[in-house]
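Colleague: Chain by chain, the residues run as shown.
There are 2 protein chains.
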Amino acid sequence: MQERLFPYHQLYTFTYTVFIKMGCNATDAATATKTLLSADARGIDSHGVARLSGYLRLWEAKRINTTPNIKIVHETPSTAVVDGDAGLGLVVAPFAMEVAIDKAKQVGTGWVSVKNSNHFGIAGCHAMMALEHDMIGIAMTNASALVAPTFSIEKMLGTNPIAVAIPAGKQPPFVADFATTTAANGKLEILQRKNADTPLGWVQDKDGNPTTDANALKKQGALLPLGSDREHGSHKGYALGSIVDIFSAVLSGASYGPWAPPFPAYIAMPANMPGEGLGHFFGAMRIDAFRPAEDFKQHMDNWIGRFRQAKPAPGHEKVLIPGDPEREIEAIRMKEGIPIAQSVVDDLMAVGEMMGVVL
Amino acid sequence: MQERLFPYHQLYTFTYTVFIKMGCNATDAATATKTLLSADARGIDSHGVARLSGYLRLWEAKRINTTPNIKIVHETPSTAVVDGDAGLGLVVAPFAMEVAIDKAKQVGTGWVSVKNSNHFGIAGCHAMMALEHDMIGIAMTNASALVAPTFSIEKMLGTNPIAVAIPAGKQPPFVADFATTTAANGKLEILQRKNADTPLGWVQDKDGNPTTDANALKKQGALLPLGSDREHGSHKGYALGSIVDIFSAVLSGASYGPWAPPFPAYIAMPANMPGEGLGHFFGAMRIDAFRPAEDFKQHMDNWIGRFRQAKPAPGHEKVLIPGDPEREIEAIRMKEGIPIAQSVVDDLMAVGEMMGVVL
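One line per chain: the protein sequences are A and B, in this order. The letter at position 162 of the first sequence is residue 162 when you use this note's numbering, and the numbering goes up by one with no holes. The letter at position 125 of the second sequence is residue 125 when you use this note's numbering, and the numbering goes up by one with no holes.
Where hints are given, some of them may not hold.
Remember, identical chains collapse to one label, so a pair may be satisfied in a single copy or spanning two.
The calculated lysine-lysine pairs, modelled on DSS-like cross-linking and capped at a C-alpha distance of 27 Å, are [said to hold, decoys possible]: (1) Lys219 - Lys318; (2) Lys105 - Lys71; (3) Lys219 - Lys187; (4) Lys218 - Lys187.
Derived from the structure by calculation, the hints contain no laboratory data.
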C-alpha cells in the first residue's frame, strides 16, 4: 500500500486551518486538531485525519455545528449531563472530560454523560486527560450500529469503545483503549484496501454464518462482539457494548442502539430517533480519594514491572502492558513523521481544494 | 451426572447454621447465606453451596475471620476504601456496596475499593443491590491467578468478573455478570466431571499451545482472556481483567496479580504479598443524578424491547438481554428446587458431619 510521510506539524496546520474554515473558533479548532491527530500519532490510523473529510461532509449536511453552545444541563456534586449542541465530538468530549476532572477535584470522582454530540476521535485521548491530575480516566462512546448481538443478524450496536487510563510512577501509564468487538472497523477497512480476507470470527454474513469476507458489512453482514461466538463468550462482548451504549446514550438522552446517528453523511438519519445525537460517557477518579497517590503509583510500577516479566510464550519476546504499542509508535512518528495512505492523501487534497487550504 | 433437588429453604437453613457454627453472628450468617445461595438460585452452580467447604477450610486455616471489624479506612464524599479485616467476602461485599449506595444518595455516585477480603460469591448479586434504589450497580473482584496474559504462559490474573445492573421500568432489569475470560473456571470444572473436552480457545497448555484438555490448568496450563488469542482480541480481555485487578486491589491496598490469595486453603499463600487479602470494587450511580429516573426507565424499556425484537439468526429463537437466562432459571428453581450435583451433596454431608449440622 502506497503511503506518504508527513511531519506532525504539517498535518496539524492543515487540519487546524480546515476546522477554522468550517467556522470553529481558534480554541475549538486547536482542541479538535489535537484530539484528531492523537489517533494518527498513536497509530490508530482509522480515527485520525482519515476521518477529516467525513467530519466535513457532516458539517455540510448541517449535522455538525461548529459554533455550539456546549453546556451542563443537569448536575450533582459528582455527576453531570452535558448537551453538546451537535458540536464536533472532538471538542465536546474534552469539555465533558474537564467537567469530570473538576468534579473529581471537589468530591473524589466525576462522571459525565453526554448527549447531542458527534464522533469524538479515539477514546484513549480523552481518558488520558486525567493522568496529569493523578486521576484514573475513563472514556466511552456509542456509535453507528455495525454489530449484531449474539444470536442475531441485525446490526444493533456500534463498536462502542472503552478507554481506561491509569497513572503510574516511573513506569509509563497503563492505557487500555479498545472496541468492544473482536476487531475494530478500522481493521476491516485496512483488509478491504488490500483485498484480503479477515480471520474467521470477526464478521458474519447476512444469514449469521461465519465468513472471512472483509466486505461482509456492505452485504448486510455484521461485525461480531468481542468473543466472536457464544461458545467463546460473544455474549460478554455484547453485554460490554450494551453497557457503553446505555451509559453513553440512555443515561444522557442521546440516541441509542440501532438509532445512533450514522457517521457517513450520505446515510439518512434513522426514523423515530429516541434521543439527541451521539452519546459519550466519561469518568475521573482521584487516586488520593482512595489512597495516597505516591503509594498507588509505586504499586502500579510494581504491577507493571511484574507483568512485563511474566514468562513469554515460545515465539514471543515479551508480554505487553496496555498502551505500550501506541506509545512506541507515537515516539517514532513524532520523530520520523506520520505515514498516511495515498488514498487518504488524495482525500485530504480534495478537502484542501474545497476549503482553499494547502496540505 | 447424578443430582439431588433441594428446596431453597433447606439449603438456606443448612448453610446459615454452618456459618453460625463458624462463629458468624446472626446478621452476618444471614447475609453470607443469602449472597452464597443467590448463585445457586441463578444457576451459577460453581459459586454457590459448592463453595461452602472451601470457605470452611479457609476458616480452619485462619484465613477467614468470622468476627471481623469491617470498616472504612479512608473516604471522600464519593469514595471509600473498606478494610474487610479478613472477613467472608460474602459479608464484606454487601457492607461495601451499602457504603457506595449511601454515598450515591448524598453526591450522586459512590465508589468503594475493598482490601483484606475473601471470595465474595457472584458479582451480580452485589451489583443488583443498587436496583431498588433506582441506581446502576457495579461490582468486580480480583481472584487467584489462573489466567495468562496475551503472549504469556504464566498465570497472572484471576477470572476477575465484572457485573453491571441497570434498572428498567416494566421490563426486568439489565444484569450483566461475566468473567473477563473466554470461559469461567466453573465451566471447566463441569467438563472435568464429565471427562469432556473444552472447545479450542478456552485454555492453553504449559507451552502456550491451544488445547482442548479440560484439565490443562492442573498441568501448568492457563485459562485464556476473553478473545482467546491475539487475532480475536485476547489483548482486550487481558486489559479488562487487568483493570478489574487494579481497581479492586491496587486502588485499595489488597494483593494483586499473581499475588492474589488462592481460594484453595491447601495452596500456600504467595511470598512477598504486596497488599492485604483479596480486593473488590463497587460502584453505585443514582439515575436521577443524570436524568429523571422515570424518563430513564422508559427509555430502558424501549432499549430492552427493541433488542428483544432484533432479528434472530436462523436456528435461534430470540435475542437475549443480559440477565434473562439467570432470571428464568431463578424462577424455576425457587419453585421446583435447586439441583445439586451428587459430588457437592457428598461434600456438604461431610461439612455437616464436621460441624454437627444436618442437611
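Colleague: All hints are to be evaluated individually against the structure, with a verdict given for each.
Modeller: Against the structure, the hints:
1. Lys219 - Lys318: Answer is between: at 23 Å across copies they meet the 27 Å cutoff, but 39 Å inside does not.
2. Lys105 - Lys71: Both ways: lysine 105 and lysine 71 sit 19 Å apart in one copy and 24 Å across, limit 27 Å.
3. Lys219 - Lys187: within (17 Å within a copy, 36 Å between copies)
4. Lys218 - Lys187: Classified as within: same-chain Cα gap 15 Å, cross-chain 37 Å, threshold 27 Å.
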